[in-house]
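Residue-level listing of the chains:
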Amino acid sequence: MTDTEKINHTDTWDINITGTRGKFDLNLQEVWRYRDLLSMFVKKDIITVYKQTILGPIWFLIQPIMTTLIYVVIFGQVAKISTDGVPPILFYLGSITIWNYFSETLTLTSKTFTENATIFGKVYFPRIILPLSKVLSGMLKLLIQLSLFLVFWAYYYFVKHGITPNWHIVYFPLLLFVLAIMSLSFGIIITSLTTKYRDLNFLISFAIQLLMYATPVIYPISIASPQKQIWLWLNPLTSIFEAFKFAFLGQGVFSYFWLGYSVVFTIVILVFGVVIFNVVEKRFIDTV
Amino acid sequence: MSKDIVIKAENISKQYRLGQVGTGTLSHDLKRWWSLMRGKEDPYLQVGVDNDRTKKATSEYAWALKDVNFEIASGDTIGIIGKNGAGKSTLLKLLSRVTSPTSGEIKIKGRIASLLEVGTGFHPELTGRENIYMNGAILGMTKKEISSKFDEIVDFAGVEMYIDTPVKRYSSGMYVRLAFGVAAHLEPEILIVDEVLAVGDAEFQKKCLGKMSDVASHGRTIIFVSHNMQAVQSLCKSAMYMKAGKVTDMGPTATVINNYLSREIRNSMERKWQLDVDAPGNDKVRLLSAEILTSDAINNSVISINTAFSIKFEFYNYLEGQLLNLSLFLNTASGVCVFAVGTQAKNLSKGHHSAELQIPPNFLNDDIYTINLMVVKDTASVIFKMDDLLIFEVIDSVRNGAWFGKWPGAVRPDLKFTSEKM
Numbered sequence: 108m109t110d111t112e113k114i115n116h117t118d119t120w121d122i123n124i125t126g127t128r129g130k131f132d133l134n135l136q137e138v139w140r141y142r143d144l145l146s147m148f149v150k151k152d153i154i155t156v157y158k159q160t161i162l163g164p165i166w167f168l169i170q171p172i173m174t175t176l177i178y179v180v181i182f183g184q185v186a187k188i189s190t191d192g193v194p195p196i197l198f199y200l201g202s203i204t205i206w207n208y209f210s211e212t213l214t215l216t217s218k219t220f221t222e223n224a225t226i227f228g229k230v231y232f233p234r235i236i237l238p239l240s241k242v243l244s245g246m247l248k249l250l251i252q253l254s255l256f257l258v259f260w261a262y263y264y265f266v267k268h269g270i271t272p273n274w275h276i277v278y279f280p281l282l283l284f285v286l287a288i289m290s291l292s293f294g295i296i297i298t299s300l301t302t303k304y305r306d307l308n309f310l311i312s313f314a315i316q317l318l319m320y321a322t323p324v325i326y327p328i329s330i331a332s333p334q335k336q337i338w339l340w341l342n343p344l345t346s347i348f349e350a351f352k353f354a355f356l357g358q359g360v361f362s363y364f365w366l367g368y369s370v371v372f373t374i375v376i377l378v379f380g381v382v383i384f385n386v387v388e389k390r391f392i393d394t395v
Numbered sequence: 091m092s093k094d095i096v097i098k099a100e101n102i103s104k105q106y107r108l109g110q111v112g113t114g115t116l117s118h119d120l121k122r123w124w125s126l127m128r129g130k131e132d133p134y135l136q137v138g139v140d141n142d143r144t145k146k147a148t149s150e151y152a153w154a155l156k157d158v159n160f161e162i163a164s165g166d167t168i169g170i171i172g173k174n175g176a177g178k179s180t181l182l183k184l185l186s187r188v189t190s191p192t193s194g195e196i197k198i199k200g201r202i203a204s205l206l207e208v209g210t211g212f213h214p215e216l217t218g219r220e221n222i223y224m225n226g227a228i229l230g231m232t233k234k235e236i237s238s239k240f241d242e243i244v245d246f247a248g249v250e251m252y253i254d255t256p257v258k259r260y261s262s263g264m265y266v267r268l269a270f271g272v273a274a275h276l277e278p279e280i281l282i283v284d285e286v287l288a289v290g291d292a293e294f295q296k297k298c299l300g301k302m303s304d305v306a307s308h309g310r311t312i313i314f315v316s317h318n319m320q321a322v323q324s325l326c327k328s329a330m331y332m333k334a335g336k337v338t339d340m341g342p343t344a345t346v347i348n349n350y351l352s353r354e355i356r357n358s359m360e361r362k363w364q365l366d367v368d369a370p371g372n373d374k375v376r377l378l379s380a381e382i383l384t385s386d387a388i389n390n391s392v393i394s395i396n397t398a399f400s401i402k403f404e405f406y407n408y409l410e411g412q413l414l415n416l417s418l419f420l421n422t423a424s425g426v427c428v429f430a431v432g433t434q435a436k437n438l439s440k441g442h443h444s445a446e447l448q449i450p451p452n453f454l455n456d457d458i459y460t461i462n463l464m465v466v467k468d469t470a471s472v473i474f475k476m477d478d479l480l481i482f483e484v485i486d487s488v489r490n491g492a493w494f495g496k497w498p499g500a501v502r503p504d505l506k507f508t509s510e511k512m
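Protein chains in written order, with the numbering used here: chain G, 108 to 395; chain E, 91 to 512.
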C-alpha cells in the first residue's frame, strides 16, 4: 500500500460516509437522481392494490362511496348533525375523500422505517423516496376519487342548483399541497420516533381517529359555539377543510389568517421532520 | 501507479449494543443526551469490548469495527476474508451506506452499487418485467439504463416465457436467476458483492462468477466478501484479511489467504477453557476443550488426506442424570455440510466427560473444514451450540498423474475402482 500513499490527493470525493451529516439537508439533488425509483414505487403502490381483483381500480371509487353512505345514515339520519344546508352526500363525500388522503398518507409514511427495514438493510437509496412515493401514489388515488366527487358536484350544481361554489376554487391545488406536506411531515416524524421505541405505534391509529373528530370533516365548524371554535381553528387541518368546503360547496369559512397559520405550522413541522428523519436514517437499521 | 483511489476509509469504527434493544436503552439514551448537552463525549463510546464471539461479553457494547483504515484503487478487485464475526459484513454495510459508522469517515469516488442480497425489493405480485425495472431502480439504475439491458437480463435469466407472469408463480430457481440477472447487469464504477453466490446450483454459480470476472476485466472496482477461498482466489487480485474488527493484512490474494489460513487454523486446532473462568456454555453444560489429534506424532499439526485423526472434546455436565448426546457437523470452508454425526444418548452423571470422533485416512478431500458442535438433551432440544469451534485444513499429499487442479468433491475416499480387459 505504499505506492498508493502519494497518489491522488485531490479531494473530489463523490460520497462521504460519516456518522454525522448536515441536519437540514433534504438532499433534493440525490432524490432527483433517483426519480425513476420514485416513479417505480408510485407505480407499484397503485398497481399492486388491484392485482387479482375483478373490478380493479374501480375499488378506489367504491371505498369512498360506501363510507359516504354509512356517514349519511349514521351522522345525517341518526345523529342528525347539520351539514349547513349542503346535500349530505356531497358534504360527506368531499370531506371524506380529502380526509382519507391525509390519514392514509400519514399512516403509510409513519411506517416507513419499520415496514421497509429489510430493503433498507440491504441497499442504499435516499430514504425519503419511500415516504414521498406514498404521498404521490396517495395523490393519484385522490385524483381518481376526486373525479367521482366532481361528478356528484356537477350534478348538484348544474342540475339541482343546490350549491354555490365560488372563485376560491383556484386555491384548491395549494390546499392539497399543504395537506400533502403536512401528512408527510407528521409521518416522517412518527416513523423516526418509532424505530427505537415502538410504544408510539400503538397510539397512532387511535390518534388519527381522534384527529378526525377534532377536524371539521363530518360536521361544519359552525356547529361549535364561537368560544369553542378557536380551539378547532388551532388544529392546522381545520382551515384547509373549511376552505375546501367553502370553495366547492359555498358553505364554510375561508380564513386567510388561519390558512396562513396552517402553512406556517406545516413549514415548521416539515423542518423538524427533515431534521429528525436525517438523524434517524443514518443508523436506524442497527436498532429497528 | 497512476491509479486513482476510489475508496478511502479513515479510522472507521462501528459500535453495536449487545442484547435487546428496548428495555434499558432509554436510560442510556438519556445519559448520552445529558453528557452531550454538557459538551462531553458519549460515555458509551469509551466502553465496549473487542468482538470475540466465543467469550462471554464483559460490556454491553461491542466494537464490530475498530479503527479500520484502507484504500482501494480504481479497477481493483478485492476479496474480504475472515472468520465469522470478524467485521466483514459490518464493513460491507458501511460501504453500501445501509448504516453509518460510529466514528471515522469513508470517502468514495464514483457510482457505487451493492449486492448484499439478490432480489431486494422484488414484489411477489409484480410481473418479471415490472420487477426487473423495480429492482434495477432500487440498485440505482435509471429507467433508460434498464431498458437498454432488458433483453440481456431476460436472456441471462432464461425466463422469457414467464416475463409477464407475477414472480410469486416463479420457481425459486427462476426467481434467483432473474434477481441475479438484474444485479449482474449493473454498471456502477464500484460493485460490492456479499456472498450472494451461495444461492443457486453449481452451474449457475459458475455463470455468476464468470459474469463477475467479466465485469472486473472492464476496469471496474469490485469488493467481494466470501468464505469461499476458491472464489476469492480466482476472482480477486488482492485481498483484505479481517480479524476481530480490524484489518490484519492486505495485499496480493495468495499471500493474504496463506496468512489467513495459517493464523486462523493454527489457532483453532486446539482450544482449551477453564471451568468457572471462561468456559463457553450455560448452567447445564460447559465446554472445556476441543482439539484435533493426529496419529502422526512427528508432524502433528499437519493433516493430509491420508492421515487418520480424531477430534476430542471435554465438557462439564452440571445436571445429574441428564440424557445427553453430542452432535457434530463438519462443514467445508464454503459452508457445505460434509456430514453430521451424533454420539449415542446416555444418562450422564454430574462432572467431567469426554467424547472423541475418529476420522479415517483417505476420507476427507483437501479443503478447509470447520466444526460445529451441539449438545442435545433428551435427543430433542439443543442446550448448547457452538459454530466454528475448530477449523483445520486437510492438505493434498500424494497424487498420481500430471493433473494438479483442485480435486472436486467434499470427500475423497480411496475406493476400489479398477478396469480390466474384457
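Hints are computed from structural coordinates only; laboratory data are not their basis. Hints may be right or wrong, so weigh each one.
[Unchecked claim] On the chain G side, residues computed to face chain E include the following (Cβ under 7 Å):
{"no.": "1", "residue": "Trp120"}
{"no.": "2", "residue": "Gly126"}
{"no.": "3", "residue": "Asn134"}
{"no.": "4", "residue": "Gln136"}
{"no.": "5", "residue": "Lys335"}
{"no.": "6", "residue": "Ile337"}
{"no.": "7", "residue": "Arg390"}
[Claimed, not checked] Restricting the straight-line Cα-Cα distance to at most 30 Å, the calculated cross-link-like pairs of lysine-lysine (DSS-like) are:
{"no.": "8", "chain 1": "G", "residue 1": "Lys158", "chain 2": "E", "residue 2": "Lys199"}
{"no.": "9", "chain 1": "E", "residue 1": "Lys258", "chain 2": "G", "residue 2": "Lys151"}
{"no.": "10", "chain 1": "E", "residue 1": "Lys197", "chain 2": "G", "residue 2": "Lys303"}
{"no.": "11", "chain 1": "G", "residue 1": "Lys150", "chain 2": "E", "residue 2": "Lys197"}
Backbone N, C-alpha and C define an ideal beta-carbon position, used for all residues, glycine too.
The hints, checked one at a time:
1. Evaluation of the tryptophan 120 (chain G) hint against chain E yields a held restraint, the C-beta minimum of about 4 Å falling below 7 Å.
2. For glycine 126 (chain G), the shortest C-beta to C-beta distance to chain E is roughly 5 Å, which falls under 7 Å, so the interface hint holds.
3. At about 12 Å, the closest approach between the beta carbon of asparagine 134 (chain G) and any beta carbon in chain E exceeds 7 Å, and the interface hint on this residue is violated.
4. A hinted interface residue such as glutamine 136 (chain G) counts as satisfied when its beta carbon comes closer than 7 Å to some beta carbon of chain E; here the least separation is about 14 Å, so the hint is violated.
5. At about 38 Å, the closest approach between the beta carbon of lysine 335 (chain G) and any beta carbon in chain E exceeds 7 Å, and the interface hint on this residue is violated.
6. A distance limit of 7 Å between C-beta atoms decides the matter here; for isoleucine 337 (chain G) the minimum to chain E is near 36 Å, and the interface restraint is violated.
7. Given the 7 Å rule on beta carbons, the hint for arginine 390 (chain G) holds: about 5 Å separates it from the nearest Cβ of chain E.
8. For the hint pairing lysine 158 (chain G) with lysine 199 (chain E), the CA-to-CA distance comes to about 42 Å; that exceeds 30 Å, so the pair is violated.
9. Distance hint between lysine 258 (chain E) and lysine 151 (chain G) is fulfilled; the C-alpha atoms sit about 15 Å from each other, no more than 30 Å.
10. Taking the CA atoms of lysine 197 (chain E) and lysine 303 (chain G), the gap is near 28 Å; set against the 30 Å cutoff, the hint holds.
11. With a C-alpha separation of about 34 Å, the suggested pair lysine 150 (chain G) and lysine 197 (chain E) falls outside the 30 Å cut-off, and the hint is violated.
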